[in-house]
Amino acid sequence: MRSLFTRRSLLAIGAGVVLVLAVAPISALADGGATPVITTIPSPGGPLGTVLSDKASLTGLYSPATGDTVDFSLYSDSMCSDLVDNLGTSSLSGPTMVGAVSTWAATSPSPGYAPSAVQQYYWGVTFTSVNDLNNATTTVCGEPVTISAGPELTTTNSGFQMAVGTPVHDSATITGLSENQLSNATVTFEIASSCLPSVTPLSSIPITPTTMESPVTMGNATWSISANSGSYQLTDPGEYHWYVVFNSNTTPNVRLSECDETFFMQTSPVLRTYPSPATGGAIGQTTLTDTATISGLYEPLSTDAVTFGLYSDASCTTLVGSLGTFPILGPYDSPVSGPGTYRVFSSGYKPTTAGTYWFGVVFDQSGDNQTGDDFVNPKTSVCGEPVTITAPLGDVLAAQSSQGSGAVLGASTPNTGADLSLPGLLALLSVVCGVALLTRGLRLRRRPGS
1 MRSLFTRRSL
11 LAIGAGVVLV
21 LAVAPISALA
31 DGGATPVITT
41 IPSPGGPLGT
51 VLSDKASLTG
61 LYSPATGDTV
71 DFSLYSDSMC
81 SDLVDNLGTS
91 SLSGPTMVGA
101 VSTWAATSPS
111 PGYAPSAVQQ
121 YYWGVTFTSV
131 NDLNNATTTV
141 CGEPVTISAG
151 PELTTTNSGF
161 QMAVGTPVHD
171 SATITGLSEN
181 QLSNATVTFE
191 IASSCLPSVT
201 PLSSIPITPT
211 TMESPVTMGN
221 ATWSISANSG
231 SYQLTDPGEY
241 HWYVVFNSNT
251 TPNVRLSECD
261 ETFFMQTSPV
271 LRTYPSPATG
281 GAIGQTTLTD
291 TATISGLYEP
301 LSTDAVTFGL
311 YSDASCTTLV
321 GSLGTFPILG
331 PYDSPVSGPG
341 TYRVFSSGYK
351 PTTAGTYWFG
361 VVFDQSGDNQ
371 TGDDFVNPKT
381 SVCGEPVTIT
391 APLGDVLAAQ
401 SSQGSGAVLG
411 ASTPNTGADL
421 SLPGLLALLS
431 VVCGVALLTR
441 GLRLRRRPGS
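The letter at position 422 of the sequence shown is residue 422 when you use my numbering, and the numbering goes up by one with no holes.
FYI, nobody ran anything at the bench for these hints, they're computed from the structure. Every value quoted in this text rests on a predicted model; they were computed, and no experiment measured them. Virtual Cβ for every residue (Gly too), placed ideally from N, Cα, C. A hint or two may mislead.
Here are the computed distance ranges between Cβ atoms for each label pair [said to hold, decoys possible]:
| # | residue 1 | residue 2 | range |
| --- | --- | --- | --- |
| 1 | Thr107 | Asn131 | 19 to 25 Å |
| 2 | Thr262 | Thr107 | 49 to 55 Å |
| 3 | Lys379 | Tyr274 | 40 to 46 Å |
| 4 | Met212 | Ser268 | 34 to 40 Å |
| 5 | Ala163 | Thr250 | 38 to 44 Å |
| 6 | Lys379 | Gly284 | 34 to 40 Å |
| 7 | Met212 | Ser110 | 31 to 37 Å |
| 8 | Ala149 | Leu202 | 29 to 35 Å |
| 9 | Gln161 | Gly348 | 33 to 39 Å |
| 10 | Tyr274 | Pro167 | 34 to 40 Å |
| 11 | Val101 | Met212 | 45 to 51 Å |
| 12 | Ser110 | Gly230 | 42 to 48 Å |
| 13 | Thr250 | Lys379 | 46 to 52 Å |
| 14 | Asp260 | Ser43 | 32 to 38 Å |
Straight line, CA to CA, 20 Å or less: simulated DMTMM-like cross-link-like pairs of lysine to aspartate or glutamate [unchecked claim]:
| # | residue 1 | residue 2 |
| --- | --- | --- |
| 15 | Lys379 | Asp364 |
| 16 | Lys379 | Asp236 |
| 17 | Lys55 | Asp85 |
| 18 | Lys55 | Asp71 |
| 19 | Lys55 | Glu152 |
| 20 | Lys379 | Glu239 |
| 21 | Lys350 | Asp313 |
| 22 | Lys350 | Glu385 |
| 23 | Lys379 | Glu299 |
Turn these sequences into a full structure, and let the hints guide you.
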């Protein structure tokens, strides 16, 4: 009896040892616990404001207990030593079977973490078991997740300076968007008369329709989207601004606006010159001046000026003399506001050489200190009508006398060879006068009673 009991007991004990060896992993028996394999599955990065979260997948666990946990932390370095934020612990769920492998899972606590800096981040995940004999504590530092700059709005309009009546339009591109910010995104365009201290849209100007282009991926889970405004014709000169607003219509909502894109609708000034004397004159006896009129200006500044020059060619490229630069003195025929006509006077210039001259006149803005009104009134120039300066008559006659019969006044009379030079003319004049006097004397003698 006793020997039989002993043999049965030994057989039972041996079977139990075999069962333990069959169920317990070799690593657990050799090292005092199983060593799980942890894989992190982070949410994608994106622009600033993106909320990061992580999932952990664990395999190789041996009989995990209810109190086993997974801790989630976010780090700024690939060694997971520089802690950014600890999101806390989560319990295991599972297992799920993938083939013959049991997989346990855990998800980082809500609501996740939204980094405030543009850089790469790393998830550090630590599994801790309440029974170290069964499962060893294991930590893994996962793959990087990149946070890029937040959404940015850039705009491009149809021009900086355009003539009144030219159709204007604008386009906008928003970059650095996350995918969920695309589906309900809207972009609106308005024209504003001012941006500071507050935006003042011109509500009477409808900019429709707005067309949205297809989103374009920028990598790193960020996207860009573009929109184009309709066109509009402004009929008044002045300074304007495009006011563009983007709304993602998501939670949290991303709203971007831009109101510093300035453009100007220009007038078309008409510049005319009125030289004096218009008929010119003789050298040394004639001082040339000019009067410029400019019509169609829009509220010019007192520092806007007109420059006068006298040129020797019809294209006003060869300067003979400067007649000065003068500010606009004021309108002589203009309304209180809006386009008007202005008049500016030059100084005088006395040419020293006979010939034909042209007045070149340039209207320009306030030099380097340009303001909005300067851009509304474009630089304008004109090359005026010719003015002729001749030599005095005495100089002409003396020149003809010295030149002899080859000059205009000294040319020989055709077919006769008569000398019409200055001495010949004087002699002929003397003869004519003598004949006239003799004739008059004879008439007086023939009167009755004489």
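query: Is Lys55 close enough to Glu152, meaning Cα to Cα at most 20 Å?
result: violated (30 Å)
- prompt: Can the restraint linking Lys350 and Asp313 be considered satisfied, given a maximum Cα separation of 20 Å?
  reply: holds (17 Å)
message: Holds or violated: Lys55 and Asp85, Cα atoms, limit 20 Å.
response: It holds: about 16 Å lies between the C-alpha atoms, which stays within 20 Å.
- request: Could you grab the alpha-carbon distance between Lys379 and Asp364 and see if it respects the 20 Å cut-off?
  value: With Cα atoms ~5 Å apart, Lys379 and Asp364 stay inside 20 Å; holds.
query: Are the Cα atoms of Lys379 and Glu239 separated by 20 Å or less?
result: It holds: about 17 Å lies between the C-alpha atoms, which stays within 20 Å.
- prompt: Do the Cβ positions of Thr107 and Asn131 conform to the proposed distance bound of 19 to 25 Å?
  reply: For Thr107 and Asn131 the Cβ distance comes to about 23 Å; the hint holds.
Verdict for Thr262, Thr107 (Cβ pair) under range 49 to 55 Å: holds (50 Å)
message: Verify the CB-CB distance for Lys379 and Tyr274 against the hinted window 40 to 46 Å.
response: With a Cβ separation near 21 Å, Lys379 and Tyr274 fall outside 40 to 46 Å, so the hint is violated.
query: Honestly, do Ser110 and Gly230 meet the 42 to 48 Å range at C-beta?
result: Given a distance of about 44 Å, which is inside 42 to 48 Å, the answer is holds.
query: Taking 20 Å as the top limit, are the C-alpha atoms of Lys55 and Asp71 close enough?
result: The given pair, whose Cα atoms are some 11 Å apart, holds under the 20 Å limit.
- request: Compare the distance between the alpha carbons of Lys350 and Glu385 with 20 Å, and conclude whether the hinted pair is satisfied.
  value: holds (17 Å)
message: A range of 29 to 35 Å was offered for this pair. Does it hold for the Cβ distance of Ala149 and Leu202?
response: Check passed, 32 Å falls within 29 to 35 Å.
In this structure, the hints that do not hold are numbers 3, 19, in rising order.
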